[in-house]
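Undergrad: Residue numbers (our numbering), protein chains in the order written: chain A, 1 to 287; chain B, 1001 to 1332; chain C, 2001 to 2291.
Calculated from the structure, these hints are not laboratory results. Check the hints yourself; a few may be wrong.
[To be verified] Which stretches of chain A does chain B cover? Using the computed rule of at least three CB atoms under 8 angstroms from a CB of chain B, they are:
hint: 1; stretch: 221-228
hint: 2; stretch: 245-254
[Stated by the list, open to error] Restraint ranges, calculated between C-beta atoms of paired labels, are given here:
hint: 3; chain 1: A; residue 1: Gly16; chain 2: C; residue 2: Arg2060; range: 32 to 38 angstroms
hint: 4; chain 1: C; residue 1: Pro2130; chain 2: A; residue 2: Gly16; range: 50 to 56 angstroms
hint: 5; chain 1: A; residue 1: Glu134; chain 2: C; residue 2: Ile2133; range: 53 to 59 angstroms
hint: 6; chain 1: C; residue 1: Asn2121; chain 2: B; residue 2: Lys1270; range: 43 to 49 angstroms
hint: 7; chain 1: A; residue 1: Ile76; chain 2: C; residue 2: Ser2039; range: 46 to 52 angstroms
hint: 8; chain 1: C; residue 1: Gly2132; chain 2: B; residue 2: Pro1108; range: 45 to 51 angstroms
hint: 9; chain 1: A; residue 1: Ala263; chain 2: B; residue 2: Ala1316; range: 51 to 57 angstroms
hint: 10; chain 1: B; residue 1: Pro1108; chain 2: C; residue 2: Ile2257; range: 42 to 48 angstroms
hint: 11; chain 1: C; residue 1: Ile2224; chain 2: A; residue 2: Val13; range: 28 to 34 angstroms
Built from N, CA and C at the ideal position, the CB exists for glycine as well.
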Amino acid sequence: MKSNRATQEPRWVRYGLLAVGLGFLFFFLGLPLVAVFVEALAQGVPLYVEALKEPETRSAIGLTIGIALAVLPFNIVFGVAAAWAIAKFEFRGKSVLITLIDLPFAVSPVVAGLVFILLFGAQGTFGPWLSEHEIKIIFAVPGMILATLFITFPFIARELIPLMQAQGKDEEEAAVSLGASGWQMFRRVTLPNIKWGLLYGVILANARAMGEFGAVSVVSGHIRGETNTLPLHVEILYNEYNAVGAFAAASILALLALVTLVAKTVVEWRMKKETEMLNTVLAPEKT
Amino acid sequence: MKKISKGLSALLLGLVASAALADVTLLNASYDVARDVYKDFNPLFQKHWKAKTGESVEIKQSHGGSTKQVRAVADGLEADVVTMNQANDIEFLADKGLVAKDWAKKFPNNASPYTSAMVFIVRKGNPKGIKDWSDLAAPGTQIIIPHPKNTGNGRNTYLSAWAWALRQPGGNDLKAQEFLGKLLKNAPLFAAGGRDATTTFMQRRMGDVLITFESEAEMIAKEFGKGEFEVVYPSLTMQTEFPVALVEKVVDKKGTRTQATAYLEYLWSKEGQENAAQNYLRPRDADILKKYSTFFPPVKTFTVDEVFGGANKAFATHFKDGGSFDQIYQSK
Amino acid sequence: MAAKTHRVLPGFGLALGYTLVYLSLLILLPLGGMVLKASELGFAQIIDIALGERSLAAFRVTFGASFLAAAVNAFFGLIVAWILVRYPFPGKRFVDALVDLPFALPTAVAGITLATLYAGNGWLGRFIEPLGIKVAYTPLGIVVALTFITLPFVVRTLQPVIEDIETEVEEAAASLGASRWQTFVKVIFPAIFPALLTGFALAFARAVGEYGSVIFIAGNLPLISEIVPLLIISKLEQYDVLGATALAVVMLALSFILLLAVNLLQWWSANRHKNSEPLEVAAARASGGAA
């Protein structure tokens, strides 16, 4: 209890920080979110529900979720591998490697789609070969997955690298010297340590994968009911003067982002149980 | 739920070219606000074709910005037909060898089954008394337009004002450019697109006049209410065309030439023309135009071909980098 | 010590190998293709495109607004991450989940919504426009949109690191007589600084490329509120793919240099913090400052 005073700010600082932080979030996040729902519900709940019942909207929701699900496993494996190599080992050119990983963030989404057109489009490098073999990448789902992979590429790695760097490698080394296999060490020591970073990375990558418009729009071909994701659908509805439909679809994306609330709670609960177990195992060694 | 799983299974089938359930599948790559037009038109054609030949046709729609769409077609989007709102976009496909060089002659009326016109939308009661293009360049008037260089809607507005200035007594290119300079000074912003311009004008209540397609006015009424604004027809404005074409390479590959041609021809049928009129687009058929004359008051128009010698030429002179639009901003 | 660790921990070869292959296929190949395409134009012409009056102005607006947005996020993001980790308050979970919203919302929706909020008759615009502050359709609007779009980066990179700070060190500092502020400046801040830099760099990088939200609130007037991605779109509207890739490559090169600089700085500060300053020393130093 005494430690509480030592590791906490004075009351006025705490309230001040809370006010500033929450105020910032209110103006920059809360208000826009409320505005989206106000627009979506502008003509009443029945019309909102009606807008979501439209078959094209629903197939867009399915495609959006599907692409996100297809993309995440790749990003998780890559993120953990890259962070492991970068954070736990010293080698030359590390900063360059990190910067290359960051690069997709710096590529305008407008261009991110274009690079795949330049590769796989009919006038692109591999275009003629692909069309000879009747393989469709661009203007089909594979192209959209590729573009989404590109856009969300850095998230998990970038989330994990600073975290794993801050943690150092003492615990893993201890585990290995105690005879743990690589997998055991990863499962028992590394994973519990990076769980929050990994989770935040997944949540961010997922949100971005579902919300991405620019890059996907270039490679999708916009075929209704087939290659139309939710963000693309939002744009079309808006352009057609169906503001309720557009904002209703957008609100679904916002809700999908809030689903992470549930995901996080579940993971938190399970992790808590696991760390309790783990603590009993590792307790003697830690002191 | 079924549709969601359908979306998921479409994903799984991603690599496999989707097997058509119908006898023939056509893909119509179209501009972004054409959904209403084709949503009603496609079933009409399907019924007509089934009755005529016994064949069932599935029609898929792809909508997006006109230029973006034709670039997609050039890059391999396998559309059987393109139905656009800018002739230079079809010219681009003709240059790439995807569309016949004489595409404009393959169908009647310059291959444009319906037209529209650029009009002014003003606030109720027209408080600023806006009647013609000259009023838009007057000091103290604010105009709301989409980006004149990057959007089709904005380009049409720009060319309409230019043509009007040319036709004034003593009008020439130099004076027209000067007039456009004054007019553009009255734009507090360039909206991202036609729809964004409307939102800015109607919902955010900025500006005194919005310039847009005649057909758009009815959409605005649908969303924001009829009593909120008035439509003003200037003394001269552009007749905007909506050219259509067959993508030769694709129909040959897929063997859909007959159906695709019939599909486009059907746009000129009574049913097709009536559907256009119901979507507030001026039909080419004189009888149907008369029938819907309350929608379409007489207006004096010009075509891009008449004043600018073709869509490509107009585009190159005014909207390419270093064109007249850029010159207006560079000279400052 | 450092040499030995190579052998102690397993998986370096596999992890790095996989990273390099995946990176090459998914990122370097497509970007290389783009650079190759742009090089068809020749170096002189690329520079010519990049140094035009309009392009230069657009580069200024883009990088300036992105820098401001990232700075705003670094400051407020630190506070937000701190209160989310350290302070209990009602509705915390909801607020925590809200942070990801800017990624999930399609950028166009964000732009449209922000423009509506900040327009003269909007919920916020009606209060701030009488004060003479115009946000919608000015460069300031670009900063607002970019701040929204990149908001999650700083918060989310800081959160796990703050969660990871062991309170024992803070306690040690405190017990050695350091004030809370000294503990923050000398112990906590150095520990989270690398992550803060990362968040800043990522937010900045993302902001530079952003298009969808900005065009709805920027006003897009040449020389005033035109961003580089808009010029790229403008080239594409002219079917000028080469010109578009040229601009994109210039943007990419600039971003790469900036990111590399930040990453080197981050690596350097992380190392300094880790090697020369074990936490106990930091704690002692913090208290030394107090004495």
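Undergrad: Using the beta carbons of Ile2224/C and Val13/A, state whether their distance is inside 28 to 34 angstroms or not.
TA: violated (41 angstroms)
Undergrad: Would you say the C-beta atoms of Ile76/A and Ser2039/C sit inside 46 to 52 angstroms of each other?
TA: Check failed, 35 angstroms falls outside 46 to 52 angstroms.
Undergrad: Between Ala263/A and Ala1316/B, does the C-beta distance stay in 51 to 57 angstroms?
TA: Holds, since Ala263/A and Ala1316/B (Cβ atoms, about 54 angstroms apart) stay within the stated range.
Undergrad: How does the Cβ-Cβ distance of Asn2121/C and Lys1270/B compare with 43 to 49 angstroms: does it lie in that range?
TA: holds (46 angstroms)
Undergrad: Taking 45 to 51 angstroms as the hint, is the beta-carbon distance of Gly2132/C and Pro1108/B inside that range?
TA: Taking Cβ atoms as reference, Gly2132/C and Pro1108/B lie about 58 angstroms apart, which means the hint is violated.
Undergrad: Between Gly16/A and Arg2060/C, does the beta-carbon spacing fit 32 to 38 angstroms?
TA: holds (36 angstroms)
Undergrad: Okay, the stretch 245-254 of chain A and chain B, do three or more residues pass the C-beta test at under 8 angstroms?
TA: violated (count 0)
Undergrad: Do three or more residues of the stretch 221-228 of chain A come closer than 8 angstroms to chain B, measuring C-beta to C-beta?
TA: holds (count 6)
Undergrad: Determine whether the Cβ-Cβ distance between Glu134/A and Ile2133/C falls within the hinted range of 53 to 59 angstroms.
TA: holds (58 angstroms)
Undergrad: Per the hint of 42 to 48 angstroms, is the separation of the Cβ atoms of Pro1108/B and Ile2257/C within bounds?
TA: Taking Cβ atoms as reference, Pro1108/B and Ile2257/C lie about 57 angstroms apart, which means the hint is violated.
Undergrad: Is it true that the C-beta distance of Pro2130/C to Gly16/A lies inside 50 to 56 angstroms, as the hint says?
TA: violated (28 angstroms)
In this structure, the earlier hints numbered 2, 4, 7, 8, 10 and 11 are contradicted, and the remaining ones agree with it.
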